[in-house]
Amino acid sequence: MPAVTGKLAAASLALALIATSTSTASAQKKYDSGATDTEIKIGNIMPYSGPASAYGIIGRTEAAYFKKINDEGGINGRKINFISYDDAYSPPKTVEQARKLVESDEVLFIFNSLGTPPNSAIQKYMNSKKVPQLFVATGATKWNDPQNFPWTMGWQPNYQSETQIYAKYILKELPNAKIGVLYQNDDYGKDYLKGLKDGLGAKAASMIVLEESYETSEPTIDNHIVKLKATGADVFINITTPKFAAQAIKKNAEIGWKPIHFLNNVSASVGSVIKPAGFDNAQGIISAAYLKDTTDAQWANDAGMKAFLDFMTKYFPEGDKTDGGTVVGYGVAQTLVQVLKNCGDDLTRANVMKQAASLKDFRTEVLLPGIKINTSPTDFAPISSLQLQRFKGERWELFGDVINAEAGG
Amino acid sequence: MSAAEEAIAEGHEAVEAVPKRAMTLGTGTSLVVLAALLVVPMFVKNFIIFQMTMLLIYGLAVLALNILTGGSGQFSLGQSAFYAVGAYTSAVLMEHANINYALTIPVSAVICFGFGYLFGKPALRLSGIYLALATFALATAMPQLLKLNFLEHWTGGVQGLVVTKPDAPFGLPMSQDMWLYYFTLAVTVAIYIFSVNLLRSRSGRAFMAIRDNEIAASSMGVNVALYKTLAFGVSAGITGVAGSLGAIAVQFVAPDSYTITLAISLFLGMVVGGVGWLPGSFVGAAFIIFVPNMAESISKGLSGAVFGVLLFLVIYLVPHGARQVAIFGQQLVGKLRKN
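Residue numbers (my numbering), protein chains in the order written: chain A, 1 to 409; chain B, 1001 to 1339.
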């Protein structure tokens, strides 16, 4: 066990250092490069061009939200200077842009950079430079690893916790299920699959009858659905991105396969998946959610949703309100503003990480009721709860309690 | 009219004939450029040094394509595949077998040479656009091959591999970035001299004979099949070295880094730099690295369109790329001297 004790000793030493450095700094103003009396410089990297350019809207929403904050007087009197660069979802370009942000623009930290491969490419660099890589926009489970990567933190629930929640539900309600899984053959699909297997535990081998994978380059996944039906599975775990999810829902109805259908949160959008697939075909589908869906009628009179829609109309009128990316951008930007408020006048990189790791029951208005953001020095997964929902009529109906599933990296 | 000018005036074919003396810079100019490359890093930030390193690396990859297309007249849209093989060879050797980074580079060169040579065999039956398509297929297939399950233990699958950046040896007082830059510069200069000599040698003349007229070349006794595959091998080998250096500089390899976009960028760099003009490779590399950044600073939402317009302007105004600008400059200097 010497390695473990060594790590523990290093971690406690680091914590002790943070504690001493902040206790002396509480009274006076303290800055690292990127922060001054009037400005906080924040870097961001988004795929505005290239294969994942649809996600670029998240960065544009964030820019709009920070403009709103600046118009309202900034954070503790400091304006946000949001510098967002394009990496076209290409890891070498991400490295170049991250280095430009840190070494040339001298930002205080990098916020919400998007995608698993781009963030993997800069993780080591950011941690060796001790510059926060805060609230990365990817659901991979590996971002919650404060011991090895104390400068990297995720935001959204990680993929593994979501399928663990499905597994919990299946073990409780459908103990004799025969499960067929369809997943995308990449890190995202495999992460989800791992969560499911971990959640089912020893019963995984006997319950899962078929693990079927597809490539994003395939035009249609119809043949995979037919194959899954042929196994006689009565539970279908659908780990697909929006286009394929809509195809799967449609094909299920066409060939008359009626399993209990679990659809991953990635594709739970009413506007971009369920509606195109047909409401009739989607009745009874189960999914999990943590954000309110703008296309869902039940939030029409919700105060939080109204605040979001007002923001969109005033600061980002050209943005698509029904695109889930705008809700995510808004929610994550609000979380960051809270962290910066908590930092007070101590805008050092260490304090930004410290405050990000001490959020207690924080809520942004776009989270589902009952879901709260909690972090600690050993828990770098801000949102780790989800609620199950079932599709009925033309909207999702939440059911059961908010379920917490912690999965470490 | 100089020979180079004639070449431009007559250049109607896809790859026009470039006489071998027009392929390089004069000795004096070369030394000035080299001195600048040696001195500049001492006065700039690490980030700029990193960008200069990337410029040399992409420059090498474009140079490799230039030997293939400008030298032997064969097209390739598959350079990203060779680049990926080189990058992964270094990454896997460094991270799994703990081999010194400098030693992985010759290994990459050999593996990629073999890979390119073998790929050149079936490619013999194809020419022009058909060859371009076949290599295009190679570039599209590569990222998916790297994700294959049975390779995942080595390649890290979609997650890629993180590469450790080497420190300066012998306790030299320089940053990792600066050391890597000088290391890359040394490799680049060596390969550049090798390439210039290759094109001036008997093999180089054979490449150019094939480029200019295959039938004439074979009737003169040039082994067309051998030299065509050899050109592929050399080009792939140099690209592999560039890939290795790229992996070490970026400290990360992942399938998404080596998509067809990279191959097209390299192709674009060659055209902008001037097909067949070796120093132009580095001008082309500068174009593919810095112009997208410029386009982004002009308009974030329309960066692709701005890039397109800039590229269009270059192709329209100086269709022979940097070479044309260089020749124009040379003439200007010549005139000034006469006056």
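Possibly wrong hints are sitting among the right ones.
Quick list of in silico lysine-lysine cross-link-like pairs, DSS-like style, CA-CA up to 25 angstroms [as the list claims (entries may be wrong)]:
hint	chain 1	residue 1	chain 2	residue 2
1	B	1165	A	129
2	A	124	B	1335
3	A	203	A	243
4	A	124	B	1045
5	B	1300	A	79
6	A	100	B	1335
7	A	68	B	1300
8	B	1165	A	130
9	B	1045	A	130
10	B	1165	A	314
11	A	30	A	41
12	A	360	A	392
13	B	1165	A	100
14	B	1045	A	67
15	B	1045	A	129
16	B	1338	A	41
17	A	168	A	29
18	B	1300	A	100
19	A	321	A	372
20	B	1300	A	321
21	B	1300	A	41
22	A	258	A	168
23	A	306	A	258
24	A	67	A	341
I should point out that these hints are in silico values taken from the structure, not numbers from a laboratory.
Okay, the hints, checked on the actual structure:
no., hint, in the structure
1, B/1165 with A/129, "13 angstroms, holds"
2, A/124 with B/1335, "54 angstroms, violated"
3, A/203 with A/243, "31 angstroms, violated"
4, A/124 with B/1045, "20 angstroms, holds"
5, B/1300 with A/79, "22 angstroms, holds"
6, A/100 with B/1335, "42 angstroms, violated"
7, A/68 with B/1300, "20 angstroms, holds"
8, B/1165 with A/130, "17 angstroms, holds"
9, B/1045 with A/130, "18 angstroms, holds"
10, B/1165 with A/314, "47 angstroms, violated"
11, A/30 with A/41, "15 angstroms, holds"
12, A/360 with A/392, "34 angstroms, violated"
13, B/1165 with A/100, "18 angstroms, holds"
14, B/1045 with A/67, "31 angstroms, violated"
15, B/1045 with A/129, "15 angstroms, holds"
16, B/1338 with A/41, "55 angstroms, violated"
17, A/168 with A/29, "48 angstroms, violated"
18, B/1300 with A/100, "16 angstroms, holds"
19, A/321 with A/372, "23 angstroms, holds"
20, B/1300 with A/321, "20 angstroms, holds"
21, B/1300 with A/41, "18 angstroms, holds"
22, A/258 with A/168, "21 angstroms, holds"
23, A/306 with A/258, "37 angstroms, violated"
24, A/67 with A/341, "16 angstroms, holds"
This entry does not satisfy hints 2, 3, 6, 10, 12, 14, 16, 17 and 23, going by the numbered hints stated previously.
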